[in-house]
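**Q** Given next are the chains, with one letter for each unit.
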Amino acid sequence: MNTSTILLAVAGGVLIGVGSAIATVVSGRIPGISGVFGRLFRPKYGDSLWRVVFLCGLMFGAVMTMLLFPSAAEYRPMAPLAWIPIAGLLVGIGTRVGGGCTSGHGVCGVGSGAIDSIVATMVFMAAAIATVFVIHHPGA
Amino acid sequence: MRKLILLFVAGGMFGSGLAMSGMTNPARVIGFLDIFGAWDPTLAFVMGGAVGSYAIAMAVFRLRWPASCPAQDRKGPISKRLVLGAVLFGIGWGIAGFCPGPALADFAALRIEALWFVPAMAIGMILSQRFLGADRD
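So the protein sequences, as listed, match chains B and U. Under the working numbering, the letters of the first sequence match residues 1 to 140, in that order. Under the working numbering, the letters of the second sequence match residues 1 to 137, in that order.
For reference, chain U alone in the conformation it holds in the complex (with noise of 0.2 Å):
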């Protein structure tokens, strides 16, 4: 119970966050995208915010806890799959402005775009763990 609290709560930090930093509104993100327009960085302050306290957090938590820390691979391999799988996901972020984390809260939002969005998001997730071997841990 405790451990689904402190899920719940890092969940709550983390669409928070996506909110807050205007990553729920597909202009920012577009903006950001659009480095031959007028240019909006917003996202590269909120993904080096991320990316930092990911880090100096994880180091903190391995130190404290390091049996409930997932093994670290830091040469997971560069394959074909990761490559195609990410451009594909790139073309469909750079169409709607819209990834995962930002689809779901603008989808909790009742946003009409996203109530599009994350059906067909999670179409395309069923046919390739499905048809694609995606995901075969």
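Extracted from the complex, chain B is given alone in its bound form (with noise of 0.2 Å):
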């Protein structure tokens, strides 16, 4: 890693907390990704037009950054396919019971100073390192 990528990071983390501030305040609601997109599925709340455009805005903007930028369209899937539909099911499932996901408890959360998401946050790190670890460092 290298001056350029740490400025990036740093820069891209700031329109990431910028961003979520916005939306914080023009939604009246802590706009975490998986409560954003997964009350979507509950119509009950008769607001999904404003979900809509905020996870419409997310979209447009990762891909015009990616096409803009080569070094943002880098990928490298790491897990076969197979285990995909797996993970998936996981992050849904975790981030609906435990209220939040990296950005929801991780950004809004902590950057508030709330304890719940300081410990979601550390729960999720920890859980995410140990399967990190276990999957890539076989036999260890």
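Calculated directly from the structure, the hints in this document are not laboratory data. All values derive from a computational prediction rather than experimental measurement. Glycine residues also receive a C-beta, built at the ideal position from the N, C-alpha and C atoms.
Just so you have them, the derived chain U footprint on chain B, three or more residues with Cβ under 8 Å:
{"hint": "1", "stretch": "11–21"}
{"hint": "2", "stretch": "68–78"}
{"hint": "3", "stretch": "102–108"}
{"hint": "4", "stretch": "115–129"}
Take the two lone chains and join them into the complex the hints point to.
**A** Right under this line is the structure:
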């Protein structure tokens, strides 16, 4: 990792943080991606429009950035395709049962000093580190 | 309408930040989580930038538009559900290197793994909201 990687990482982080803060004020909700996306499947909320618009913005911004900057388009999958649906199911169940993901708990919650989000973030980081250790260092 | 434009811009900043910082690349995410291997600290800089700028931006917004900001709950209960959910999420994140935001970004970029991951994630969310009592507010 070199200086430009660090600068791009911090700059990207600031875009994520400020984008989340704007979405918090405009929507009046904590705009964690798992909650914004998951609640699309609960039409009783009747507020699908802002969720769809925010997520379309996310997808548009990501794709445009990948098209403009070759470094942003770097992509290397890390799991066999057969494992992907299992990972997706676990992420879907875990984020909704635990009430947040890397953005809702990790960015907005930790950024607000919320104790439960700090605990959740430490727990999912630890679980992810343990999982990667088991998968990538077999026999260790 | 103004609100929706702002939300699209906010989402665009979020997505652009994810791609720019390399978080849409599972290899970078797994590289960060692999602390016993060739550790890649990039994600720590992304999280640092995001958490710090969110805290500062919200402090400013709370002064300027206090009525629009959701109530701050700093002492939400640390329940079994919170911990169990975080463990399941962490395992899934560690397997594939996708959390929800990057998964949606890579879905839009038509990456084959994300095209499988996002529908599975949606099914997991629907199941937990319907049968596991998630999101009862």
